[in-house]
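Enquirer: Sequence order for the protein chains is D and V. Sequential numbering of the first sequence, starting at 1, is according to this note's numbering. Sequential numbering of the second sequence, starting at 1, is according to this note's numbering.
These are computed hints drawn from the structure, not numbers from a lab.
Which residues of chain D face chain V? A partial, calculated answer using Cβ under 7 Å:
1. Gln101
2. Asn160
3. Pro162
4. Met165
5. Leu173
6. Asn176
7. Leu182
8. Pro185
9. Thr188
10. Met221
As a list, the in silico DMTMM-like pairs of lysine to aspartate or glutamate whose alpha-carbon atoms are at most 25 Å apart:
11. Lys216(V) / Asp59(D)
12. Lys208(D) / Glu230(V)
13. Lys233(D) / Glu147(V)
14. Lys208(D) / Glu189(D)
15. Lys241(D) / Asp59(V)
16. Lys213(D) / Asp59(V)
17. Lys108(D) / Glu189(D)
18. Lys193(D) / Asp179(V)
19. Lys89(V) / Asp58(V)
20. Lys138(V) / Glu174(D)
21. Lys67(V) / Asp50(V)
22. Lys138(V) / Asp179(D)
23. Lys196(V) / Asp110(D)
24. Lys229(D) / Asp201(V)
These numbers come from a predicted model, not from an experiment. Think of the CB as a built atom: it goes at the ideal place given N, C-alpha and C, for glycine as much as any other residue.
There are 2 protein chains.
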Amino acid sequence: MATQLAYALENAGLQIIQVYSRTVKSAQVLADELYTDFTSDINAISLSADLYIISLSDDAIFPVSEKLSLTDKLVVHTSGSVSLDAILKTSNNTGVFYPLQTMSRSRKVDFSNIPLCIEANNEENETILFSLANLISKNVRRINSKERRILHLAAVFANNFPNFMYSISEQILEDNNLDFNLLRPLITETASKIQKMDPRDGQTGPAKRGDEKIMKQHLDMLNNYPGFKEVYKLISAEIQKNQE
Amino acid sequence: MATQLAYALENAGLQIIQVYSRTVKSAQVLADELYTDFTSDINAISLSADLYIISLSDDAIFPVSEKLSLTDKLVVHTSGSVSLDAILKTSNNTGVFYPLQTMSRSRKVDFSNIPLCIEANNEENETILFSLANLISKNVRRINSKERRILHLAAVFANNFPNFMYSISEQILEDNNLDFNLLRPLITETASKIQKMDPRDGQTGPAKRGDEKIMKQHLDMLNNYPGFKEVYKLISAEIQKNQE
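This is chain D alone, in the form it adopts within the complex (with noise of 0.2 Å):
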């Protein structure tokens, strides 16, 4: 997150003063990156930025905000699940920054689309954020810590879960010497039909037929797969629940 946003408000014209890390090595990288200055030491944060990004693992957060030395400085962190509080006590001007997307530091981001969750102290704060976050997405809200928290869950089944859906099935693929290349077009297309279309509108397969005879056959098949097998059974059994 934090090299894909640091990259994002680079081009949009800002400047990067300085990279912190606990480890001098990820500092480095992403520092040399930037042809930007770097620190891993808490006490040598350059005071004169105008604005501190915290893009941190969710129990990190507070930990190292509490370190910091920045009363005046407006500090921000990026995460989902972790209220504004979380950094009150490091800065009189807090807020969040939020990107909704699943990130990782090679595959490279566009944040055009990527909704940005602007949460912050005070309104001047917040428009603050909301400038910058105009800068690199047309996509920008308000949303504050309780809705986050919401948003968080959500993408949790929105992305973490149909991720291992794809898992599952590769798995069983590869077990058959079947290629899993012939599944990403289905990939593809479930995800971009849903892109306008309500997902309960295109629900579709043998739970939402109530074809226990494939449903059957297919438990069948998952004998060698006991955990893959509850996983069939209790999604299966759920869609046929949350039928109109």
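With chain D held as given, fit chain V onto it using these hints.
Expert: Chain V in isolation, oriented as in the chain D frame:
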């Protein structure tokens, strides 16, 4: 499926001679769009075609095909789960023509990248189906009945179950007056990420990280959704079990 396949074949320069359906209305709707003939009388099916495509629900394939008198004609079905034998009583020349894709009547399908899975009762028929499939797709494969059943099972995990995950996320957002559009870019990225990646390498989220605190928070938030809570628990446990 019948509708989409008929369009694709006609676009490829083939002639659809006749549309048969048990209900006059369905037969007529499609026939009108294709400017061709139709019938709802199984005994009035034209004998002048080179190929007969049975595109029906799984349970209907056998009973309908039994009533056909097409002894030497090439007759195929389009199902993922029904074996080749199901139509052996119909003709001495049988095959399967299974497009591995989700289809609905209203959403136009581009067949060019869809895997077409071909099976036939002899080499000659296989060659005919192969040539035909190559007219509409660049992705044609020889897949036997057992493999096709496995593909169909895997497709449930790759398509039906992810779609239901999207529905859950939409339900949660809706109940909290949040806009499902916030998740759509994430869903797109999740699917496109694994077009070149192994989904097992792309897995992220609290379960993957072993973030018990967030998982606990999420389960508490799901107290009003006992079914979804079970889904969250089971899939998270499976994600953790399936880590290397």
